[in-house]
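Please model the entire structure based on the sequences and the hints provided.
Count the sequence shown with mature numbering (1 follows the signal peptide of the UniProt record, and there is no 0) and you get residues -27 to -1, 1 to 744, in order.
Keep in mind that the hints were calculated from the coordinates and are not lab data.
C-beta: ideal position from N, C-alpha, C; glycine also.
Hints are supplied without guarantee of correctness; some may be wrong.
To be verified - No farther apart than 20 angstroms at their CA atoms in a straight line, the calculated lysine to aspartate or glutamate pairs in the DMTMM-like style are these:
#1 Lys255 - Asp287
#2 Lys255 - Glu281
#3 Lys255 - Asp286
To be verified - Computed beta-carbon distance windows for the label pairs:
#4 Asp244 - Gly191: 18 to 28 angstroms
#5 Thr653 - Gly552: 34 to 44 angstroms
#6 Pro203 - Arg20: 16 to 26 angstroms
#7 Thr377 - Pro591: 48 to 58 angstroms
#8 Gly29 - Thr218: 38 to 48 angstroms
#9 Gly691 - Gly411: 13 to 23 angstroms
#10 Pro372 - Thr707: 23 to 33 angstroms
#11 Arg221 - Thr264: 37 to 47 angstroms
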Amino acid sequence: MFRQAFVAVLVTSITAGFLAVGAPAPADPTAVPVPVASTFTSLSPVRVLDTRAGSGPVGGGGTITLDLAAWVPAGATSVVLTVTGVSSTAATYVTVFPGGTGRPATSSLNLPAGDTRSNQVTTVLGAGRTVSLYNNAGRVHLVADLAGYYRPGPGARYTALSQGRLLDTRSDNTPVGPGETRTVDLTGRVPASAVAVTFNLTATAVTAPTFVTAWPTGTTRPVASNLTVPPGDTRANQVTVAVGTDARVSLYNNSGRVDLVVDLAGFHTPDYGATFVPLPPKRVLDTRDGTGTGGVTGPLDEVNRTLELGFVDDVPLTATGVALNVTGVAATTGTHVLVWGSQPSRWNSPTTSTLNLSLGQTAANAATVAFDEERHLWFINARGSVHLVADLVGVFVAPAVPCTTDCLYAWGGNQNRKLGTGEAVYTAPTPAQVLLSGVRAADGSSRNGYALRTDGTVWAWGDNSTGQLGNGWTSLWNGGGYHGSGIPVPVLGLTDVTAIAGGEWGAHALRADGTVWAWGDNGSSVPVQVSGLTDAVAIAGGSSATYAVRRDGTVWAWGGAYLGNDPPTSSPVPVQVAGLTDVTAVASNGRGAYVLHADGTVSAWGDNGVGQLGNGQPCAPDTPCLSTVPVPVSGLTGVVGLAGGGDPGYTTANGYALRADGTVWAWGGNLAGALGNGVTCGPATPCESRVPVPVSALRGVTRIAAFGGGGYALRTDGTVWGWGSNGDNALGNTSVVDHTTVPVPVVGLSGVSAIGDGWYAGAAIVPSPQR
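Structure follows, in structure tokens:
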């Protein structure tokens, strides 16, 4: 019923002020507007169409054209509408499309005879800011409520999230009664700068025919609705609505009692995010005819519950998510369908839904879905069998950021989009530009990237499960999936920063006044000052502890372990590391630390399982292989820089030292060539060195960094070299198949002034852009 032939009929044109009936001009299929990257302007919902108010129902094969010039400005590219079909006299579907263009072979709303149902529709505007609505069969009244519009230029950009549950009135047995309003508190789940949110609204356990309206708290409830539900049914509709007073949205239930479920899908904010590129509707999936499945037909059923759909040919590499209309056809039992950006697994099991279907139903719902690291989505059916249809109506794209000075480039693993390039790739084999300019320093972790800009501010990207973006919000957990922003966001409230340090689940910043600030793990999504620490001059972060050097040369540590004290204890506040008074720099390998003394020597403490203390001490059988207090690293003098690397799986850990003569020395594990000394592990060769050894063939080095499986070195000629594992393309050199025991150049980089690291990822700052 989705690909019916077009029938030429009388068209009713609905304008801003009057109704006009006449023969339509022939639609020109080539007149589809050119897609333009756009930003969003939210509106309190306003009713722009109601055929019950005078024009009468739309007949079978009929089209009405809605003129929106009175509500959206010139230059607008698309609109967000809630479209409701009322009292259809036959089973039908409604297609919403740009006015003045050929009707696409897609659908926006499906209705059985006698039903009233709503669906959110995002559609490109046609000539004169018009939208056409086509009814396939029978007669049906059509109602449309405008929620906002997109246009080029200033406005709000979108951050797509893996769905997370905000509200479920079933959890505490508090259904919404007749005429009752329930508020949804978005505090801490979206940034304070958010102007609108998108969520999936589901109504269930309905006791009477009703409608539900969503609107910004603190404003008058509009004459509009988002969801219409008969008793006994469960229905969902996507909602895009402005954020109201105190970061709240209100939900009104008209009649009876109803349980409401709200699953957050994303938010719009003016200071960062992706732009929206509206597209003419395009069918990308239909399990009935094999569209999008390589020609394979058949429903999702008890055996095959999951379907993967790729968008590589439909959206650009910098896509962060897509806007779809998803239709379930002929469900054999009550079920729900989820569209998700991550592959489901035993450890990755979402608990939200996109579309609800009763036995025999065919129904549609809009879905705004975030991509994970790649441009793929998964469709998951809960029960029974159901055919699925999906129409692509738009794509969210990371906007290009022109960079002229101090540009940041990144390569390697892109889990959680931690590279900050905006690209939907699992790994980046060669350096790509991060979406920032004016960068002074960079650091990273297994989930995030951080940049210190020349203006003293800090920006973050990647995962936000513990608030490690520092932007005032924390992602909702949904059994896995992508939770954060692949586009850099500002860390709030930080100025005059001189150094940054990324940790496993959070980060730290050192300010010019010597104070240290932390955010992320430990319950704060905005920076808070580290207690009792002043006059700091250097910091380092790890998976277990954080370290700071004070101006007097002492070292202070806090966290869960490896604080450099005997007996070993954890501490929520900084404690002094024993016996250190002349330290100038500090680095961490994740399960211990290294410090540089003023005389150019190095000390270490923490685990020593693979010799990462560098003091030559072997592990004794049946005793802990560690040092709780600092011990000297053997044979190192004239050191001017330090770096530490470690695998959270504890299979390897390393220390690296840069000497004043421009050479680099390494110690610890040699798994996959992490020492860089040309030695390969084998039956006769220990896979470690418990004392420092020189990294092969490196001269003229000015800076060093470590990435977990090896190291990086910046040379005086502005090139970057790496050694060790090339897992996730961490070496930035595709000629290395698995690993290298000697340094190789990171391809495509020159004129580099500084380097940074992350978990199997690297970063480099270039004063002028790469050509």
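Now the hints, each set against the structure:
1. Under the criterion of a C-alpha separation no larger than 20 angstroms, the hint pairing Lys255 with Asp287 is consistent with the structure, at around 9 angstroms.
2. Under the criterion of a C-alpha separation no larger than 20 angstroms, the hint pairing Lys255 with Glu281 is consistent with the structure, at around 18 angstroms.
3. Of the pairs offered as hints, the one joining Lys255 and Asp286 holds, with about 12 angstroms between alpha carbons and a cut-off of 20 angstroms not exceeded.
4. Evaluation of the 18 to 28 angstroms hint for Asp244 and Gly191 yields a pass: the beta carbon distance comes to about 22 angstroms.
5. Taking the beta carbon of each, Thr653 and Gly552 are about 38 angstroms apart, inside 34 to 44 angstroms as hinted.
6. In this structure the hint that Pro203 and Arg20 lie 16 to 26 angstroms apart at CB holds, the actual value being about 22 angstroms.
7. Checking the proposed 48 to 58 angstroms range against Thr377 and Pro591 shows it holds: the Cβ atoms sit about 54 angstroms from each other.
8. Separated by about 40 angstroms at the C-beta atoms, Gly29 and Thr218 satisfy the suggested range of 38 to 48 angstroms.
9. Range check, Gly691 to Gly411: about 19 angstroms between beta-carbon atoms, so the 13 to 23 angstroms window is met.
10. Distance hint check for Pro372 and Thr707: the Cβ-Cβ separation is about 28 angstroms, which falls inside the suggested range of 23 to 33 angstroms.
11. Between Arg221 and Thr264 the CB atoms are about 41 angstroms apart, so this pair conforms to the stated range of 37 to 47 angstroms.
In summary, the structure agrees with every hint in the numbered list given earlier.
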